[in-house]
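Colleague: Could you put the whole structure together from the sequences, leaning on the hints where they help?
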Amino acid sequence: KAGVTQTPRYLIKTRGQQVTLSCSPISGHRSVSWYQQTPGQGLQFLFEYFSETQRNKGNFPGRFSGRQFSNSRSEMNVSTLELGDSALYLCASSLGSRVGELFFGEGSRLTVL
Amino acid sequence: QKEVEQNSGPLSVPEGAIASLNCTYSDRGSQSFFWYRQYSGKSPELIMFIYSNGDKEDGRFTAQLNKASQYVSLLIRDSQPSDSATYLCAVIGGGADGLTFGKGTHLIIQP
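So the sequence lines, in the order shown, correspond to chains A and B.
Position 30 of the first sequence, counting from 1, maps to 30 under my numbering, and the rest follow consecutively.
Position 57 of the second sequence, counting from 1, maps to 57 under my numbering, and the rest follow consecutively.
The hints are simulated quantities; they were obtained by calculation from the structure and are not laboratory data.
Please note: incorrect hints may appear among the correct ones.
Below, simulated BS3-like cross-link-like pairs (lysine-lysine); rule was C-alpha separation at most 30 Å, straight line [what the hints assert, rightly or not]:
1. A:Lys57 / B:Lys2
2. B:Lys42 / B:Lys2
3. B:Lys67 / A:Lys13
4. A:Lys57 / A:Lys13
5. B:Lys42 / A:Lys57
Modeller: Next up, the structure:
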């Protein structure tokens, strides 16, 4: 069974640009969550999507957004990038009923210059 | 604001001994508790979850939950060098939100 796939794995952007990250969940998993991981703040919850609807949202500014498609694949977008957005962005999928039992992808490492 | 606190370590334990990792949480309404392991340069992987007070054992791992004290722990018996990693405690609170993670404890098993 294929795991969670995230693309791209690495990317470099400059301040003010925008970025879109993609995530394909494990087959059969309908919930996709996004987390930001930095050395200073650790893992922080961005949002969760279930059946194309945002079910939960963390405490991030509106520049961070996401969506989920009918095949459960998800994208997250960060607009007007800031230096502080440099981080590892992790996508995780789960069966919708078992919210905390997450299977993480390998992440997308974003560097903002 | 919901918080999950862990000692960052490093926690150094000799091979074959018991490693004890601890976590406290601030939201008394928290319902579900998880331990994730993260090797350097890798993504987190779920190793244990516990929903009820008491102990839950899975192989060499035991998770312990005390809701009255707002305390979760993970015991690793017969520690192996391959257990060296960062262990992340995570909690789902009483509200509708995702996992709140602690910053992790860096565990080193010394051969």
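Colleague: Would you mind marking each hint as holding or not holding in the structure?
Modeller: Verification of the supplied hints:
With a C-alpha separation of about 14 Å, the suggested pairing of Lys57 of chain A with Lys2 of chain B holds against the 30 Å cut-off. Restraint check for Lys42 of chain B and Lys2 of chain B: satisfied, since their Cα atoms lie roughly 26 Å apart, inside the 30 Å limit. Distance check on the hinted pair: Lys67 of chain B and Lys13 of chain A sit about 44 Å apart at the alpha-carbon level, beyond 30 Å; violated. A threshold of 30 Å between alpha carbons decides the hint, and for Lys57 of chain A with Lys13 of chain A the separation of about 25 Å falls inside it, so the pair holds.
Note on Lys42 of chain B and Lys57 of chain A: the hinted pairing holds, with a Cα-Cα distance of about 25 Å set against a maximum of 30 Å.
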